[in-house]
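Peer 1: Going line by line, the protein sequences match chains A and B. Okay, so the first sequence: first residue is 122 according to this note's numbering, each after it adds one. Okay, so the second sequence: first residue is 122 according to this note's numbering, each after it adds one.
Fair warning: there could be bad hints in the mix.
Since the list can't tell identical chains apart, any single copy or any two copies may satisfy a pair.
Straight-line distance between alpha carbons at most 25 Å, and here's what the computed DMTMM-like set of lysine to aspartate or glutamate pairs gives [to be verified]: (1) K173 x E377; (2) K168 x D298; (3) K449 x D353; (4) K200 x D343; (5) K208 x E153; (6) K168 x D236; (7) K200 x E445; (8) K350 x E445; (9) K196 x E421; (10) K392 x D353; (11) K245 x E141; (12) K196 x D343; (13) K449 x E241; (14) K447 x D352; (15) K173 x E199; (16) K404 x D463; (17) K420 x D296; (18) K196 x E215; (19) K449 x E153; (20) K404 x E445; (21) K245 x E138; (22) K168 x E215; (23) K449 x D233; (24) K447 x D298; (25) K245 x E134; (26) K392 x E153; (27) K196 x D223; (28) K449 x D355.
These aren't lab readings, by the way, just hints derived from the structure by calculation. Nothing here was measured: the structure is a model prediction, and the numbers come from that model.
Each chain is listed here by its residues.
Protein chains: 2
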Amino acid sequence: MIRRRLFTPGPVEVPWEVLETMSRPLIHHRTEEFRAIVRGATGRLQKVMRTKNPAVILTASGTGAMEAALVNLTKPGEKALVISIGKFSDRWRELANAYGLDVMVLETRWGDPMDPQRVEDAMKSNPGISTVFTAHSETSTGVLQDVKSFSRIAHDHGALMVVDGITSLCAHVVDTDNWQLDVVIGGSQKGFFTPPGISFLSISDAARERIERSRHPVYYFDLDKALKKYDDGDTPWTPAATLIIALDRALQMIEEEGLDNVIRRHTRNAKGVRLAAKALGLKLLASIPCNATTAVLPKEGMANALRARMEEGYGVKVAGGQGELKGKIIRLGHLGLYGETDMYTMISAPRGSTTSTLPVRVFPASAFST
Amino acid sequence: MIRRRLFTPGPVEVPWEVLETMSRPLIHHRTEEFRAIVRGATGRLQKVMRTKNPAVILTASGTGAMEAALVNLTKPGEKALVISIGKFSDRWRELANAYGLDVMVLETRWGDPMDPQRVEDAMKSNPGISTVFTAHSETSTGVLQDVKSFSRIAHDHGALMVVDGITSLCAHVVDTDNWQLDVVIGGSQKGFFTPPGISFLSISDAARERIERSRHPVYYFDLDKALKKYDDGDTPWTPAATLIIALDRALQMIEEEGLDNVIRRHTRNAKGVRLAAKALGLKLLASIPCNATTAVLPKEGMANALRARMEEGYGVKVAGGQGELKGKIIRLGHLGLYGETDMYTMISAPRGSTTSTLPVRVFPASAFST
Numbered sequence: 122m123i124r125r126r127l128f129t130p131g132p133v134e135v136p137w138e139v140l141e142t143m144s145r146p147l148i149h150h151r152t153e154e155f156r157a158i159v160r161g162a163t164g165r166l167q168k169v170m171r172t173k174n175p176a177v178i179l180t181a182s183g184t185g186a187m188e189a190a191l192v193n194l195t196k197p198g199e200k201a202l203v204i205s206i207g208k209f210s211d212r213w214r215e216l217a218n219a220y221g222l223d224v225m226v227l228e229t230r231w232g233d234p235m236d237p238q239r240v241e242d243a244m245k246s247n248p249g250i251s252t253v254f255t256a257h258s259e260t261s262t263g264v265l266q267d268v269k270s271f272s273r274i275a276h277d278h279g280a281l282m283v284v285d286g287i288t289s290l291c292a293h294v295v296d297t298d299n300w301q302l303d304v305v306i307g308g309s310q311k312g313f314f315t316p317p318g319i320s321f322l323s324i325s326d327a328a329r330e331r332i333e334r335s336r337h338p339v340y341y342f343d344l345d346k347a348l349k350k351y352d353d354g355d356t357p358w359t360p361a362a363t364l365i366i367a368l369d370r371a372l373q374m375i376e377e378e379g380l381d382n383v384i385r386r387h388t389r390n391a392k393g394v395r396l397a398a399k400a401l402g403l404k405l406l407a408s409i410p411c412n413a414t415t416a417v418l419p420k421e422g423m424a425n426a427l428r429a430r431m432e433e434g435y436g437v438k439v440a441g442g443q444g445e446l447k448g449k450i451i452r453l454g455h456l457g458l459y460g461e462t463d464m465y466t467m468i469s470a471p472r473g474s475t476t477s478t479l480p481v482r483v484f485p486a487s488a489f490s491t
Numbered sequence: 122m123i124r125r126r127l128f129t130p131g132p133v134e135v136p137w138e139v140l141e142t143m144s145r146p147l148i149h150h151r152t153e154e155f156r157a158i159v160r161g162a163t164g165r166l167q168k169v170m171r172t173k174n175p176a177v178i179l180t181a182s183g184t185g186a187m188e189a190a191l192v193n194l195t196k197p198g199e200k201a202l203v204i205s206i207g208k209f210s211d212r213w214r215e216l217a218n219a220y221g222l223d224v225m226v227l228e229t230r231w232g233d234p235m236d237p238q239r240v241e242d243a244m245k246s247n248p249g250i251s252t253v254f255t256a257h258s259e260t261s262t263g264v265l266q267d268v269k270s271f272s273r274i275a276h277d278h279g280a281l282m283v284v285d286g287i288t289s290l291c292a293h294v295v296d297t298d299n300w301q302l303d304v305v306i307g308g309s310q311k312g313f314f315t316p317p318g319i320s321f322l323s324i325s326d327a328a329r330e331r332i333e334r335s336r337h338p339v340y341y342f343d344l345d346k347a348l349k350k351y352d353d354g355d356t357p358w359t360p361a362a363t364l365i366i367a368l369d370r371a372l373q374m375i376e377e378e379g380l381d382n383v384i385r386r387h388t389r390n391a392k393g394v395r396l397a398a399k400a401l402g403l404k405l406l407a408s409i410p411c412n413a414t415t416a417v418l419p420k421e422g423m424a425n426a427l428r429a430r431m432e433e434g435y436g437v438k439v440a441g442g443q444g445e446l447k448g449k450i451i452r453l454g455h456l457g458l459y460g461e462t463d464m465y466t467m468i469s470a471p472r473g474s475t476t477s478t479l480p481v482r483v484f485p486a487s488a489f490s491t
């Protein structure tokens, strides 16, 4: 019997304190008791997002929240810029096409972030772009982007900035208000170590004005309806109550640890894993790595075999590559409530032996120092 | 300390056997282990729906599944008929308007079902209607409708039949294939005694053809994408894994009890509550009552006070009226895993005393016989 551990960049392991809340008797969602929980959760989400903007919770995966942002903030035919650096940021292109936007797409090699200068050039040579869409941390490649600069450029050109922060929230500073991010999107099963099923988005005043003049057909994802119920802690449709209660518990744990400490822990784990991976002879994919996941390149043709050995031999589940990186990379997850000892567990698995070689050997002394 | 009980027509009480599954370690959704659970759950859903059609699970409330049905099955400007007999069936009108359908609406007094003859007349005098939308059991009034006849009429005129079965599944026979229901929609927090957050819909071959030629913008609710992943037990987006696992546990319990017995139990509870309510001097709202909820009319102005007394004095939470029935009715819920003794608990609360009067007195001898 092998104890199974989850080290994927979402869903992440859900600690017992959060799991436990979901086995409590169900609370009806149209009660003051539940509304108070929602208000507590959204208040705590605002702190993680460093924003005074409302943080609306949706019963849908992160893709649903992305759709809600795009549908409510744009009009059909409107010009938009998508910064696509991997599978998840490219989802904005698919959404923009589905909703008939006039979309311009900037791309990089998978493994690199977008250079802000290219965004500046694109905005200059294409006047009239109303909204810029991208991801802060691109989960498919483990790359972090300079969304602060993107946002400054977007606003300089009169556009709004919409950021998928699904795997950057809790792992990095997401300074929503200071960076003027009009929408930041998050998901429960990532840095918030809660099961999947709910997502959330912060909405700036400028974004709210756009919502009021929205033209796409919209019903379930109508953010105007959601915002009208927001102050009361209410929702237009039946919410996934148990998941919201679980999320609130996780947010209380994040509050207790302190957001700065949470981010510091992610930074330390990510750095340690990168150094350990290098010591193991694994090349790193990301030129600017994020703190959510470390994408490594094993010898050609070996990625899937190595992943299978980690899972079958040691119970350590990590993720493979997606899209053009399928079968080529391994993504080692360190997003969520993981400590240094968990990183040892994960990174010792590829060694293929826990008896003959102490896993700690692969870590240089500096691996986990901040 | 009062033990709190939930007798609302959804969410309903979730038994421990189902709650317990959600405190287990999280399973990654992109694994054969999880896909096998999804296939098990959808197979069992098909049995409850009496259909060979695929039963697609969505991470969204029932409203999301309604939107998915309408968006995927119609084209902008297409003619549709909405049979609106209360707040929930009227949601089809709102959805049809949001998506720019050419919608005709048939209405009744809230408390009555639609007469099939009126549907026949409407279809005859309005050729070209492509889709008929309604609810089987209207939760806001506790009314059951003859969707079998509606469906026959719809198909006679070349239209498809889409049915919100959110509160009829498990409480009534929903004979999807024999009645030729093209789409039947359900929700986890109703007859399936699972927390809210997921919904599902069965999709006939004729509906599937429509989906392939769909014209509305669609992404998160794209049923074509969902159907392509369906056979593998996979989903286009991250699903609410814990809720699907919980639903599957509930479906196993339904299978164990046997669907016929489940429906018989609902029929018996509903009949008992109606007789008991009459014995208490409460008038019934529904001319054709459903087995999910019994809507009663207390003396004018007394509904909310009575409801508060039930909740504060006896821990029994029931629902009030919605829309035009706000403050006028009480809805006594008997949808879910409730037995005869639970009905005694619920119906004894309005008496206002558990010491001086044995609640059993209010039940005529015939109340719980089948």
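Peer 1: Each hint should be assessed against the structure and marked as holding or not.
Peer 2: Hint check results:
1. When the C-alpha separation of K173 and E377 is checked against a cutoff of 25 Å, the pair qualifies only within one copy, where the shortest distance is 20 Å, while the shortest distance between copies is 51 Å.
2. Taking the shortest Cα distances, K168 and D298 sit within 25 Å of each other inside one copy (11 Å), while across copies they are farther apart (51 Å).
3. In this homomeric assembly, K449 and D353 come within 25 Å of each other (Cα to Cα) only across copies, at 24 Å, whereas the closest approach inside a single copy is 48 Å.
4. In this assembly of identical chains, K200 and D343 lie within 25 Å of each other by CA distance both inside one copy and across copies; the values are 21 Å within and 24 Å between.
5. Taking CA atoms no more than 25 Å apart as the test, K208 paired with E153 passes between copies only; the shortest distance there is 22 Å, against 41 Å inside one copy.
6. Taking the shortest alpha-carbon separations for K168 and D236, neither the intra-copy value of 29 Å nor the inter-copy value of 54 Å comes in at or below 25 Å.
7. For the identical chains of this complex, K200 and E445 are neighbours neither inside a copy (28 Å) nor across copies (43 Å), given an alpha-carbon limit of 25 Å.
8. Within a single copy, K350 and E445 get their C-alpha atoms only as close as 42 Å, which misses the 25 Å cut-off; across copies the closest is 20 Å, which meets it.
9. For a Cα distance limit of 25 Å, the shortest separation of K196 from E421 qualifies neither inside one copy, at 45 Å, nor across copies, at 48 Å.
10. Proximity of K392 to D353 under the C-alpha cut-off of 25 Å is found in neither arrangement, the shortest distances being 42 Å within a copy and 38 Å between copies.
11. Within a single copy, K245 and E141 get their C-alpha atoms no closer than 52 Å, and across copies no closer than 56 Å, so neither meets the 25 Å cut-off.
12. In this assembly of identical chains, K196 and D343 lie within 25 Å of each other by CA distance both inside one copy and across copies; the values are 14 Å within and 20 Å between.
13. Taking the closest pair of Cα atoms, K449 and E241 never come within 25 Å of each other, the shortest separation being 33 Å inside a single copy and 60 Å across copies.
14. Taking the closest pair of Cα atoms, K447 and D352 come within 25 Å of each other only across two copies (22 Å); inside a single copy the shortest separation is 44 Å, beyond that limit.
15. With identical chains, the CA atoms of K173 and E199 are never at most 25 Å apart, being 28 Å at best within one copy and 43 Å at best between copies.
16. Only within a single protomer do K404 and D463 lie at most 25 Å apart by alpha-carbon distance; the minimum there is 21 Å, versus 62 Å between protomers.
17. Within a single copy, K420 and D296 get their C-alpha atoms no closer than 38 Å, and across copies no closer than 56 Å, so neither meets the 25 Å cut-off.
18. Taking the shortest Cα distances, K196 and E215 sit within 25 Å of each other both inside one copy (16 Å) and across copies (21 Å).
19. Taking the closest pair of Cα atoms, K449 and E153 come within 25 Å of each other only across two copies (21 Å); inside a single copy the shortest separation is 51 Å, beyond that limit.
20. In the homo-oligomer, the alpha carbons of K404 and E445 lie at most 25 Å apart inside one protomer (17 Å), although the nearest pairing across protomers, at 66 Å, exceeds that limit.
21. In this homomeric assembly, K245 and E138 never come within 25 Å of each other (Cα to Cα): the closest approach is 50 Å inside a single copy and 60 Å across copies.
22. For the homomeric pair K168 and E215, neither the shortest alpha-carbon distance inside one copy (31 Å) nor that between copies (36 Å) is at most 25 Å.
23. Only within a single protomer do K449 and D233 lie at most 25 Å apart by alpha-carbon distance; the minimum there is 16 Å, versus 62 Å between protomers.
24. When the C-alpha separation of K447 and D298 is checked against a cutoff of 25 Å, the pair qualifies neither within a copy, at 37 Å, nor between copies, at 41 Å.
25. Neither within a single protomer nor between protomers do K245 and E134 lie at most 25 Å apart by alpha-carbon distance, with minima of 44 Å and 58 Å respectively.
26. Within a single copy, K392 and E153 get their C-alpha atoms no closer than 44 Å, and across copies no closer than 32 Å, so neither meets the 25 Å cut-off.
27. Taking the closest pair of Cα atoms, K196 and D223 come within 25 Å of each other both inside a single copy (10 Å) and across two copies (22 Å).
28. Taking the shortest alpha-carbon separations for K449 and D355, only the inter-copy value of 23 Å comes in at or below 25 Å, while the best intra-copy value is 45 Å.
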